[in-house]
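Chemist: One-letter residues, chain by chain:
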Amino acid sequence: MNENQKTSLALTSLTVLFSLAALVFWMTPHAGTTNKSSGPLVGTAFTNTATFRLSVADLTKAGGDVSGLDCYACHSKDKPVAPKFDAAGRLIPSVAHRDVVFSRMNCAGCHAASEKVELKFDAEGKILTPAAHTNDVARHGRTIGNDHCFNCHDATNLTELHTPGGKKLKLADSTQLCGSCHGPSYRDWEAGLHGRHNGFWNVKLGPMERKDCTSCHDPHAPDLPHLKPLPPPFRTALRGH
Amino acid sequence: MAANPNLPNLASPPPPAGGTSRRSFLRTSAAVASGLAAMAASLAPLRELSDFGSVEEFLQKHYKELTPVEMEQALARIRREVEKQYGLRPHVRDLKPMDGVEFVYCLNLTRCIGCRKCVHACVAENNQSRSPEIQYIRVLKMPNGTFDMEKGDHHYVTPTVPEKGFYYMPVQCHQCKNPPCVKVCPVDATWQESDGITVIDYDWCIGCRYCEAACPYFARRFNFAEPKIPKEQVNLDMAYLGNRPRHKGVMEKCHFCIQRTRAGKYPACLEVCPTGARKFGNILDPASEVSQILRNKRVFVLKEEVGTLPRFFYYFDV
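Heads up: the protein sequence lines correspond to chains A and B, in order. Position in the first sequence (from 1) plus 59 gives the number in our numbering. Position in the second sequence (from 1) plus 13 gives the number in our numbering.
No lab work stands behind these hints, which were simulated from the structure alone. No experiment lies behind these values; they were computed from the predicted model shown. Beta carbons: idealized from backbone N, C-alpha and C, even for Gly. Errors might be hidden in some of the hints.
[Stated by the list, open to error] So, partial list: chain A residues that the calculated Cβ filter (under 8 Å) puts toward chain B:
# : residue
1 : G265
2 : L286
3 : P288
All chains, full assembly: derive it from the sequences and hints.
Modeler: So, in structure tokens, the structure goes:
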């Protein structure tokens, strides 16, 4: 057996070995990608939030539970709806409204389920907001569909709050509620970096007043409003600056 | 006397024989009267030097050489002057730096919206002249994506701020650890205190404006005219090195609201900021806001290359 034969033998045996290994791997039922069904990767508190993710129309179509939703689940106050009318000029209720179930603290808190709400329209045919609703705003997380009352408010008692994780909070503890979603801002606020302190930097000499989230942000429309700037410095002709 | 009778000598004309003649008396009287009138006329501008300050102020020693008694006298004089000028009795103090305190200011460029509330709160707090206008803070409107100061505009007038495509960068005295303004002062009227604040003794300043030229941040302001403040807008909580009224011809600048911060309070510009972009505190305290910012945020100083080592930091969120 010369060197060439030895090499050929070694290569042949290795080839056979690897082929067998590949065959075994191929035949094994657990090889390749498998469906792991040992529970959801993301907590159900986050995935099973149908009321947050679906529109009322979708929910109604799917026959889901639409109790606990109010008008502002779909409608934003600053986006007036365009109602449709039949040939006789009567309002055609949209599909989403046909089976809306009024819950206690929603529209039915004031409007009886059987009541026919009379809508008033301006010259352009847009619905006029009644006085009772003028303070209703929902511009919190509008772009990501998070502007629904009961994401933060308790559905049966608006003066109580709850985090997305289900933790109940008093109205006075709203900072924790904000922090349950806005982590980095909450972390900075706790360290004193986000928001403002007034009074004394040296707490030995006087009180430091800490502002919380709602001192500056309207929780229903948390974007800080644009401001009119105060006047610029007088421009002297000589100095030019 | 009267060696040469040919030369006219008005003060003592040669006595003619037999005493003073009527003519020489009249001539002498006229000359003396016109001489006095001319002298009065030449001294007349002195009557308008009411803003020259009192003799007491003129004779006052340098701040660092004042004994406690002399400082009390100086404060009493300032009280009298303010009372005379505005008819109000101020609360003037000489606040000293606290031990173990070094002030640092941090400004969040992510948050500033350029509303100029800080500028006007500063003017109200620090008794700056309203006419001609003196402001310590300049808010630069800068296009996104550049730190080129030449592209900044501090005269912007827009209906609302912030505007898209711009960020806002307020600039005021950076209270440098290596202050060029202090180096160039020929009379030591400005110096750095142990808590990091560069102060000015307004009674010692000669108004040469070298410091204004030396400052790379355009932080110093000169009183070209006698400052004017409406009586009802005078802030009566005053400090000697801080917001006491200044005279024409002296420099002034941001002093981190010495009358507030050395009493433990936050500066006025911080307290009005609607976005919480301004942070102030003691850098020697590891738990203070500014210490946390310097540890955890992306911080930079303006014009680092000039080596001034500012105590004023800009930072960003995220």
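Chemist: Hints first: check each against the structure and report whether it holds.
Modeler: Now the hints, each set against the structure:
For G265(A), the interface hint holds, since its Cβ comes within 8 Å of a Cβ in chain B; the closest pair sits about 6 Å apart. Using the Cβ-Cβ criterion of 8 Å, the hint placing L286(A) at the interface with chain B is satisfied: the shortest such distance is roughly 5 Å. Because the closest C-beta pair between P288(A) and chain B is about 5 Å apart, less than 8 Å, the hint holds.
Checked against the numbered hints listed earlier, the structure breaks none of them; every hint is satisfied.
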